[in-house]
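Using the sequences and the hints, build the whole thing.
This note's numbering runs 1 ahead of the 1-based position in the sequence shown.
Derived lysine-lysine pairs resembling DSBU-like cross-links, with alpha carbons at most 30 Å apart: (1) Lys-95 with Lys-70; (2) Lys-166 with Lys-70; (3) Lys-70 with Lys-94.
If you're looking for bench data, these hints aren't it; they were derived computationally from the structure.
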Amino acid sequence: MAPGALDQYRIPEDNMRFFTNGTDLSLPHAVVDWRYIGKKDHGLDVLYVGHVLRVRGLETVVDAARLAKDRGVSLRWTLIGPSNAQERRWLEKKISGLPVEYLGVLPHARSLQYIASADVCLCPFPRMMGTEFIYPIKVFEYMAFGKVVVATDLPGTRRIIENEKNGFLVPPENPEALVTTLSRLAMDADLRNRIGREAFISVRQYNWVRIHADFIKALEEALG
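This is the structure we're talking about:
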């Protein structure tokens, strides 16, 4: 959890330690045979991996896809992850006629192939209890592949991503802002490459090995 998550409990800051999630930095080396995925003459590949639910920002993504199409912005949207029957029915109706593909649940290795093939990866969480102060593992995995991440500006993601340096932060539940950022990225390959490189460099500090070592050290100090 990010600082601020426990403010309501009035615990002295000196008694707290905060740890982020992280990623396995070797993941990209394990991905093979991904280049055939997508990469047609359709513009920017935009990917979301995670729970495909409205409480995870699905409606913002769908609204952004429609807005982008209406504006003639060439984007291809791919959604990967678990959902439920009610959400799937809603999604099927909403994406009719849009360049949005929902692939359902895939093996982790297959999901990583799609990350490797994507141009931009999303973390569109709304501002709500349960999302505001977390460090989404998907963001670290995206960054480990050197991908441009567009995430909502929440306390947790704000500690990982510095806007326009190693990714982009947009207001929660704001499809207009999301499309504006994606349109800019679609027109500027140099910007995508620069941000992707910075993401890859900055994610090194979130190596699971380092995080686990720091966590164990904190436990040892707490136990005396």
